[in-house]
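> Both chains are given apart, each in its own frame, so use the hints to dock them into the complex.
Read top to bottom, the protein sequences are chains C and Y.
Following my numbering, the numbering of the first sequence begins with 1 at its first residue and continues without gaps.
Following my numbering, the numbering of the second sequence begins with 254 at its first residue and continues without gaps.
Since the hints were derived computationally from the structure, they do not count as laboratory data.
Heads up, a few of these hints could be off.
Here are the simulated DSSO-like cross-link-like pairs (lysine-lysine), alpha carbons at most 30 Å apart as the crow flies [to be verified]:
id, chain 1, residue 1, chain 2, residue 2
1, Y, K444, Y, K392
2, C, K178, C, K145
3, Y, K392, C, K121
4, Y, K392, Y, K445
5, Y, K297, Y, K444
6, Y, K516, Y, K392
7, Y, K392, C, K178
8, Y, K297, C, K121
9, C, K222, C, K178
Below, each chain spelled out in residue letters.
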Amino acid sequence: MDFTPTEMMTIAAARPLRSDFVCFVGIGQPSAACNLARLTHAPDITLIYESGTIRTRPDVLPLSIGDGELCDTALTTVSVPEMFRYWLQGGRITLGFLGGAQIDRFANLNTTVVGPYDAPKVRLPGGGGAPEIAAHCGEIFITMKLSPRGFVDRLDFFTSMGHGEGGDHRARLGLGTKGPTRVITDLCVMEPDAQTKELAVTSIHPGVTREQITAACGWPLKFAANVAETPAPSDEELTVLRALHERTRLAHS
Amino acid sequence: MAEICSLEEAIADCVRDGDRVAMEGFTHLIPYAAGHEAIRQGRKHLTVYRMTPDLLYDQMIGMGCVDRIVFSWGGNPGVGSLHRLRDAVENGWPNAIEIEEHSHAAMANAYDAGAANLPFAYFRGYIGADLPTVNPNIKEVTCPFTGETFAAVPAIRPDVTIIHALKADRAGNVLLEGILGVQKEAVLAAKKAVVTVEEIVDEIDTASPNTVILPAWTVTAIAEVPGGAHPSYAQGYYGRDNAYYIAWDPIGRDRDTFLAWMKENVLEQGPEAFATHGRKHGKA
Chain C
1 MDFTPTEMMT IAAARPLRSD FVCFVGIGQP SAACNLARLT HAPDITLIYE
51 SGTIRTRPDV LPLSIGDGEL CDTALTTVSV PEMFRYWLQG GRITLGFLGG
101 AQIDRFANLN TTVVGPYDAP KVRLPGGGGA PEIAAHCGEI FITMKLSPRG
151 FVDRLDFFTS MGHGEGGDHR ARLGLGTKGP TRVITDLCVM EPDAQTKELA
201 VTSIHPGVTR EQITAACGWP LKFAANVAET PAPSDEELTV LRALHERTRL
251 AHS
Chain Y
254 MAEICSLEEA IADCVRDGDR VAMEGFTHLI PYAAGHEAIR QGRKHLTVYR
304 MTPDLLYDQM IGMGCVDRIV FSWGGNPGVG SLHRLRDAVE NGWPNAIEIE
354 EHSHAAMANA YDAGAANLPF AYFRGYIGAD LPTVNPNIKE VTCPFTGETF
404 AAVPAIRPDV TIIHALKADR AGNVLLEGIL GVQKEAVLAA KKAVVTVEEI
454 VDEIDTASPN TVILPAWTVT AIAEVPGGAH PSYAQGYYGR DNAYYIAWDP
504 IGRDRDTFLA WMKENVLEQG PEAFATHGRK HGKA
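Just chain Y, same shape as in the assembly (with noise of 0.2 Å):
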């Protein structure tokens, strides 16, 4: 049953070094403020999961938290590349890691078998593409009724998954609307399940029956961070902070730079620093 508490708890009982972390949001709701809890608390060899691994997983790898990444598209969104992941897979710093690299669908695929209590998933894809001669762990398999072949990719089981949500009740049941990216299946595929939130609120009074709600009993912490998915956004809270992006490219490019930005904005802050994004304080 999920136990509210604040995030330096959440993420000092839940995460581990060493530990399989999803992280996940599909450009809406990324669970930045965990993340850098993450970060200030010093977590090491992490392999962590993302379809999209944007500035978060950046920030991480240039901060060493990182040994492996499993992945399906890596940049800045519409800017260019993660220099972090690219100083870290072309010369090893801050420290050599490992990828492995899939396409979205097996990637989705993967999560949804993860939910789904299956060891993998397949689907019909990557279809004269080269990632199968790179990554062992896409294989194939045969349809026993038609004798087609498709791709085979093992389910994700993180230890954890990390999200961030818009509001949870006081039962600790979790709300999430707008762009659903993989969150959900994220969620139920992992042992643990961190959520994030807008606001804790006294009862969710959602006008939909088939809103996406996951259950206090699929979450083991919640912590309420106002503005905690800043600079990615919270549908009906906040946008996206599209200059924020931007002005990451020079900053991410050169390792001092990074550094003195990750000490002054990350090290030396708390997950308090992120309210002056939230709807309260910032603009809805």
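Isolated chain C (complex conformation) (with noise of 0.2 Å):
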């Protein structure tokens, strides 16, 4: 079957995310991932929502983090204090995924402004969760189309930490978690410096080539001594990612 490559990268985004996680879900694209996840090869999988909707198992990918179809689907469903300071911050929950508008190469995030905060260009959403999902999940994957405007060398604004500086930078601020491990865009996959923290190419999606992705990418983008072909999507993957979104696209016109 062909495929968009907004569909790779979510199904790209879907293929880590196993049975025993406990998935922080931020909205958007790692919605759409996470839910692909669970209908597919991670059934048991465990999805909140900061809106405090635990083990939630929605039929169409919501529009907001609160729609009535996280709750209806929920184990249980806690207060917003609650899910920030007993689960978050209480250490309960294995991944975060999170989104962005811009992103740096040791995988900073930046969805606060753009330009200088007293006098932005755009003011986007701001953090919400993100400083502390970004700080207390065991690990955090973040998922994003590549662009010159959303790779970006040097970020507007610092919205969460991912490696910092880089290197021990995490550490060194008293952080015991890992950090983010995983980046998955429209073209490749990304994944730290074991050392540096700093990101490299280590997977390459059908059909695009290494200097695409350099172009498509705002600071002098390395690739991993082995860089792999991520394997096409599946005729099952992309059957139930349509479907889902056929089910969302319907649920909310």
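Here it is in structure tokens:
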């Protein structure tokens, strides 16, 4: 089956998720990937949305983090202070799945402003749960389309910390969690180098060239010593993802 | 003790120009009807608090009710920007507004501290993040036992908190179910609380002893406004009107389109207009 780069991105983002993960889900692309995983190879994954819904199993993708569908299908729903205090800060969540407007080579994220904070060129929604999700989840996956506007040499604002200045910066700030371990884009997958923590391409999606990837990134992007080719989407992955999007479209129209 | 009254009376009695007002609701149970009433009554110079300001604060900002907003995520969920908020921040229209920006964890902890009658909240937060460099209300505190440093933010203590709930009984006890957000904390942190409800019943016949109830003596005024959370939703009454949120984007984007929409749908309407969205008339 033919597939789009966005479908490839969602499917590549879903594949590393496992049934034993307890996953704090961001809205948009992360939500699509997490629910695709739940509907395919990771049926027992625990999905948590910051509205307080724990182990939710929505039939359609929510438009917001607090759609009724999430509460109706959840194991339990807790208050927002409880969610951030006991469950997130309490260290009960193994994986946080985030998106962002801008990312840098150390997987720090900006969803706050483009331009100066006091006189922004573009005022973005802000951090929401991200600053503490990035700190307290066991590890972080990020999914974003690869573009020069999004993958920037220098962030306008550090909304949430990835690997900071690189190296052992997280550990120096007292963080015992792994931080970003994987960035899934529509062209490739990146992972941080074990020592420097700088992102490098580790897998290239089918039909994509290194030149395309380099041209779409705002910093001189490195490639790992061994770069894999991402397996193309299977018929099952595509069929389940398209059905999910179609149910979602009908539900929100 | 809670007084059961009309929404017009509740807002007129409890909300003053210049007040610190929290209208909470985490996607669910957003008090749209009450916010529209505050717009109609021409409230000005408000400081508004909300973790997730959405279309309601966009509308209030665009109508010039707000001087200052304290928030942690401002957007039209799944759709895009709040264009009235952006126009005020980027261009000062219709008036410049101050923003005080936090993370969700900070706001949730700050409401919790307010409800607990503490002056500030502390938590493990903002590590490696830039917000503390632009928000002077984010400081540090050191644990006297371990020496660990924590983020500290002032408690939120609104003059009035406004929420929408499912039911109240005739004595003024209020029932919340479903996604609870931070409403209980916001009510208990405030000097006064205004609650709109889907219905007022003789008795709240809940099956669970752990159901969230705000006792009558924690609430100042209650108004029955069926459909009053539309276009957000009320668990068991009506679903979220996602199509409305999507349709808002082009309305909010343009100043004249926005003003014309507000005139027709807010200024020239009353709380009863929300009833078409409630359970008795709309879809369940």
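> Each of the hints needs a verdict: does it hold here or not?
Comparing the hints with the structure gives:
{"no.": "1", "hint": "K444/Y <-> K392/Y", "in the structure": "25 Å, holds"}
{"no.": "2", "hint": "K178/C <-> K145/C", "in the structure": "23 Å, holds"}
{"no.": "3", "hint": "K392/Y <-> K121/C", "in the structure": "27 Å, holds"}
{"no.": "4", "hint": "K392/Y <-> K445/Y", "in the structure": "28 Å, holds"}
{"no.": "5", "hint": "K297/Y <-> K444/Y", "in the structure": "19 Å, holds"}
{"no.": "6", "hint": "K516/Y <-> K392/Y", "in the structure": "43 Å, violated"}
{"no.": "7", "hint": "K392/Y <-> K178/C", "in the structure": "26 Å, holds"}
{"no.": "8", "hint": "K297/Y <-> K121/C", "in the structure": "27 Å, holds"}
{"no.": "9", "hint": "K222/C <-> K178/C", "in the structure": "21 Å, holds"}
The structure shown violates just one earlier hint, number 6.
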